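Student: What follows is each chain in one-letter form.
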Amino acid sequence: MKERRTSKYTLPALLSSLLLTLTLTLHGQEPGEAPKPTLYVVDSLSLEPKQTFFQGFTLSADIFGPIQKFVSDYGVFEGSLRINLKNQFFPVVEAGYGICETTNEDTHISYNTKAPYLRAGLDINMLKNKWQDNRLYLGARYGISKFDYDISGPELTDKTWGGSAPFSHKGISTTAHWVEFIAGVQVKILPCFHMGWTVRFKTAISKGVTDYGTPYYIPGYGTTTSGTCWGATYNLSFDLNWGRKKNKTQLNAVVHPVEPSINAKPTEKEPEDKEVGKKAEEIKNTEKTE
Amino acid sequence: MIKQNKLIPTLLVVTSVVMLSAACSSNNCPLDNSVSCNYYFYDSQDHAISIGDTLSVSILLPGHDTLYTYRLAGYTTIESRTRIDSLIEQGYKELVSVTRHDSTIINQVSGVAYLQLPMAYFNTADTLVFHYASITNNDTLYIEHDNMPHVGLPECGSYMFHNIKSVKSTDYAIERIEISNPNVNYEGKENIKIHFAGTLE
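Heads up: the protein sequence lines correspond to chains A and B, in order.
Note that the working numbering has the first sequence beginning at 1, numbered continuously upward.
Note that the working numbering has the second sequence beginning at 1, numbered continuously upward.
Bear in mind the hints are in silico, worked out from the structure with no lab data behind them.
Among the clues, some could well be false.
So the derived list for chain A, only partly shown, Cβ under 10 Å to chain B, looks like this [as the list claims (entries may be wrong)]:
{"no.": "1", "residue": "S110"}
{"no.": "2", "residue": "I151"}
{"no.": "3", "residue": "P154"}
{"no.": "4", "residue": "T160"}
{"no.": "5", "residue": "G162"}
Capping the alpha-carbon separation at 27 Å, the derived lysine-lysine pairs in BS3-like fashion look like this [stated by the list, open to error]:
{"no.": "6", "chain 1": "A", "residue 1": "K159", "chain 2": "B", "residue 2": "K193"}
{"no.": "7", "chain 1": "A", "residue 1": "K170", "chain 2": "B", "residue 2": "K193"}
{"no.": "8", "chain 1": "B", "residue 1": "K168", "chain 2": "A", "residue 2": "K159"}
{"no.": "9", "chain 1": "A", "residue 1": "K159", "chain 2": "B", "residue 2": "K165"}
Simulated coverage check for chain A against chain B, where a stretch passes if three residues somewhere in it have a Cβ under 8 Å from a Cβ of chain B [as the list claims (entries may be wrong)]:
{"no.": "10", "stretch": "98 to 106"}
{"no.": "11", "stretch": "204 to 215"}
Keep in mind the model is a prediction, meaning the values are calculated, not measured.
Where is the CB? At the ideal position from N, CA and C, for every residue including glycine.
So that you can see chain A by itself, here it is in the shape it has in the complex (with noise of 0.2 Å):
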């Protein structure tokens, strides 16, 4: 982000001006007499970043899921869209596409799915600080994916009552839910590019059983050889600052009237005075970091 050159003078003249402003008023007048100035004196200053609710979207891709299905039967490939809200709340849609391909060495059964899914949620960004570049994540989501999937095996003998048949059944039909819940870290890498990791804790609403049975593989989900189910992603975001309006300093001040007085001393306000003006550097480094 551009620095912004002109905070460094600004904000300074604005500290001092303000605690040297005497605001005169007329009041307590006596018809013919000239009016008597108020002196007000600033009690206390303090400056708190006002920062827009709405900071963004963020775009993400796992490749997590296309190395697991390089390396093993089944995987995804997924992305995310991610809407910042004040740096600690986001909500997500995730979308992908699964796919399973395997078949038991010992049994010699087959299963076959490729389908899409989708996953909606909420992160929460636990950091204390919320505006530093690293985001310590716990959310959850809730999964959706409609799918047809194959089997086929060896053919059935019955071996009391005779006969077999073929063991080979194509677009078997269902729809699987589950939620999940999700602890993740993202750090900043580039300005706008972020790296992260999920892991996640499945647990089914429904597993989408059929008149074959439980589907071994669900897209988004993964396996249903337990009961619960853990999932990784490993993303690489990207910041769009579509629609996202620029983060603004606030200044309060607390003032209180004295008596009028030309010597009138505000120095024994310098202690505080300095707190404020290292407080607005703070801000002033934040605003950088930007």
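With the hints as your guide, set chain B onto chain A.
Tutor: Then chain B, alone, in the frame of chain A:
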């Protein structure tokens, strides 16, 4: 909220929990993976009983058998599925009949409270014959069902599950028969109640 200086320890804890949890996962193949229809025995008052008689069960299979019966006064009657010419030469009279092809699947058991019997994979109606040692007549059971190929997990193999549609039987020793659970799978639940005539008391 988590301070930045606690970030790394927090991540280590989360990662460790994930690793440990992942290590605990295992497959869910059923230990008893035979699919059978479970027939439980009751008296007429719905008390669970063990059958006191000696019981054999045969099933009627598709196709027919030719049965040759040889009789001679003063001698034991002989039945055979193949023709025996030597018996005719000895003076036996031959009687030829055609019967349903059958197979005995339970041979002379007693004191049992239930039976686990297979269902046909590719027929939608099974006929079972209960043979009793103490009475001459047999009871015939008719079970109508659907068949559903089933794969739990690829590593667990394939099965044929069934859904029982209706049951009926003759009433020589059996008073009534009813479905208690129509889903026939490897869970081992009671599927059919057979109520024999008489009470436990």
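Student: Indicate, hint by hint, whether the structure satisfies it.
Tutor: Hint check:
1. S110: Constraint on S110/A satisfied, holds at 7 Å.
2. I151: With a minimum Cβ separation of about 5 Å from chain B (threshold 10 Å), the hint on I151/A holds.
3. P154: At 8 Å from the nearest chain B Cβ, P154/A passes the 10 Å test, so the hint holds.
4. T160: Holds: closest Cβ of chain B sits about 4 Å from T160/A, inside 10 Å.
5. G162: Because about 6 Å separates G162/A from the closest Cβ in chain B, which is inside the 10 Å limit, the hint holds.
6. K159/A to K193/B: holds, 25 Å
7. K170/A to K193/B: Violated: K170/A and K193/B sit about 37 Å apart, past 27 Å.
8. K168/B to K159/A: Holds, because 25 Å separates the two Cα atoms, which is no more than 27 Å.
9. K159/A to K165/B: holds, 23 Å
10. 98 to 106: holds (count 4)
11. 204 to 215: Answer holds; 4 residues pass the 8 Å Cβ test.
Checked against the numbered hints above, the structure breaks only hint 7 and satisfies the rest.
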